[in-house]
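Asker: So in full-length UniProt numbering, the last spot in the sequence shown is 316, and the numbers never skip.
No wet-lab data here; the hints were simulated from the structure. Treat the hints with caution; some may be incorrect.
What the hints assert, rightly or not - Restricting the straight-line Cα-Cα distance to at most 27 Å, the calculated cross-link-like pairs of lysine-lysine (BS3-like) are:
# : residue 1 : residue 2
1 : 257       : 285
2 : 176       : 145
3 : 145       : 155
4 : 176       : 257
As the list claims (entries may be wrong) - Here are the simulated distance ranges between beta carbons:
#  : residue 1 : residue 2 : range
5  : 155       : 259       : 47 to 57 Å
6  : 110       : 169       : 23 to 33 Å
7  : 94        : 228       : 44 to 54 Å
8  : 153       : 93        : 44 to 54 Å
9  : 162       : 256       : 46 to 56 Å
10 : 112       : 181       : 15 to 25 Å
11 : 233       : 112       : 27 to 37 Å
12 : 145       : 193       : 26 to 36 Å
13 : 95        : 74        : 39 to 49 Å
14 : 213       : 259       : 15 to 25 Å
For every residue, glycine included, the Cβ atom is placed at its ideal position computed from N, Cα and C.
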Amino acid sequence: MMMHSSPPRPFSRKRKPPTDDDDTDQLRYQQQQLQQLPNPAVSATAAALAASPNNNTPWTTASPKRLRSGALDPEMLLRLQQAHNSTTLPQPPIRKLLSMLPTDQLAGIICSLIDSHPALQHDLIALIPRPSLTTAGALLERAEKAMIESFPYSKLGRVTTSYSFNRVRPQLEELKDLLVYFLDFFVLPTTYPNDLQHEYPAVAFGYLDMAATLVHRLPRWQDPMHEDATRGMLYRRLGHAWRVAVGEVARRTRDGKIFGATPVAEWADSLHRHSTQVDGNHGFKEASQEFRESLGWVIGMDDATSSSRPGPALLV
Numbered sequence: 001m002m003m004h005s006s007p008p009r010p011f012s013r014k015r016k017p018p019t020d021d022d023d024t025d026q027l028r029y030q031q032q033q034l035q036q037l038p039n040p041a042v043s044a045t046a047a048a049l050a051a052s053p054n055n056n057t058p059w060t061t062a063s064p065k066r067l068r069s070g071a072l073d074p075e076m077l078l079r080l081q082q083a084h085n086s087t088t089l090p091q092p093p094i095r096k097l098l099s100m101l102p103t104d105q106l107a108g109i110i111c112s113l114i115d116s117h118p119a120l121q122h123d124l125i126a127l128i129p130r131p132s133l134t135t136a137g138a139l140l141e142r143a144e145k146a147m148i149e150s151f152p153y154s155k156l157g158r159v160t161t162s163y164s165f166n167r168v169r170p171q172l173e174e175l176k177d178l179l180v181y182f183l184d185f186f187v188l189p190t191t192y193p194n195d196l197q198h199e200y201p202a203v204a205f206g207y208l209d210m211a212a213t214l215v216h217r218l219p220r221w222q223d224p225m226h227e228d229a230t231r232g233m234l235y236r237r238l239g240h241a242w243r244v245a246v247g248e249v250a251r252r253t254r255d256g257k258i259f260g261a262t263p264v265a266e267w268a269d270s271l272h273r274h275s276t277q278v279d280g281n282h283g284f285k286e287a288s289q290e291f292r293e294s295l296g297w298v299i300g301m302d303d304a305t306s307s308s309r310p311g312p313a314l315l316v
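Work out the full structure, taking the sequences as your base and the hints as a guide.
Answerer: Structure below.
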């Protein structure tokens, strides 16, 4: 008698319900992956996970079971973010950080620091090197270039209309302020410390020659008011500064200081060239006359006298 067996039942692929062991294996696997990465922030994240109160599973390198697919548990994600945010990465040295900043940002940081701690201003000024003629020349050249580049484009070239004046006004004002600042800095005798007093005549006359040459190159504005507010004002300041320098050298001559004929001749030639450029206006004629009367005898000027007539004591 033949027996009829029932057909085989199909193999069931139904996933068994997740257990606590599966969650533990998933956490352990993620910890192992984080630990293998070289990033210090990730290593700190793995350490934070290992110290989590919900992690009671000992650390092991055994191969994990197959992980269930799906989104990361919200609580675990929160712990990852907290561990990452609490990680302090090593900072580069302060010198390296400052060297990477643009000049304007660095100046802003220093000014903010002085505003918060005014007592630091004296110490900071003592650390800043004294400007030289080379430094001043480079800064003035940069400011002049910025002014020229700010001119509006025209097929006729650089025009000096009122429209152009208003376009370049910010750069022009910066150039003027810089020129006047260095004028006082290099020409006023009181700005020189005792150990640098011997540099005064050469540096003062050297800057006067540099500054006057720059002013000669400035645009000639069509509006007389604009012309007077720029070139006119600067020429008057320069004429007065020449008289200050001549008066200071004359005073030192009366006190027994002897200047060689070569440097005195160079100062006289520079003053004569710039005075001729402006037709003796703006105080240049008076400066030339005072130079002849007080220092002309050193180089054999015909109308020189042995007496000295000092110029003004301060720039105003």
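Asker: The structure should be examined with respect to each hint, and the outcome stated for every one.
Answerer: Consistency of the hints with the structure:
1. 257 <-> 285: This hinted pair holds, its Cα atoms lying about 25 Å apart.
2. 176 <-> 145: holds, 13 Å
3. 145 <-> 155: Since the Cα atoms of residue 145 and residue 155 sit roughly 20 Å apart, the hinted pair holds (cutoff 27 Å).
4. 176 <-> 257: Violated, because 34 Å separates the two Cα atoms, which is more than 27 Å.
5. 155 <-> 259: 47 to 57 Å: holds, 53 Å
6. 110 <-> 169: 23 to 33 Å: holds, 27 Å
7. 94 <-> 228: 44 to 54 Å: Given about 48 Å between the Cβ atoms, the range holds.
8. 153 <-> 93: 44 to 54 Å: Holds, at about 45 Å.
9. 162 <-> 256: 46 to 56 Å: holds, 54 Å
10. 112 <-> 181: 15 to 25 Å: Cβ of residue 112 to Cβ of residue 181: about 22 Å, so the range 15 to 25 Å holds.
11. 233 <-> 112: 27 to 37 Å: holds, 33 Å
12. 145 <-> 193: 26 to 36 Å: holds, 32 Å
13. 95 <-> 74: 39 to 49 Å: Check passed, 44 Å falls within 39 to 49 Å.
14. 213 <-> 259: 15 to 25 Å: Holds, since residue 213 and residue 259 (Cβ atoms, about 23 Å apart) stay within the stated range.
This entry does not satisfy hint 4, going by the numbered hints stated previously; all others are met.
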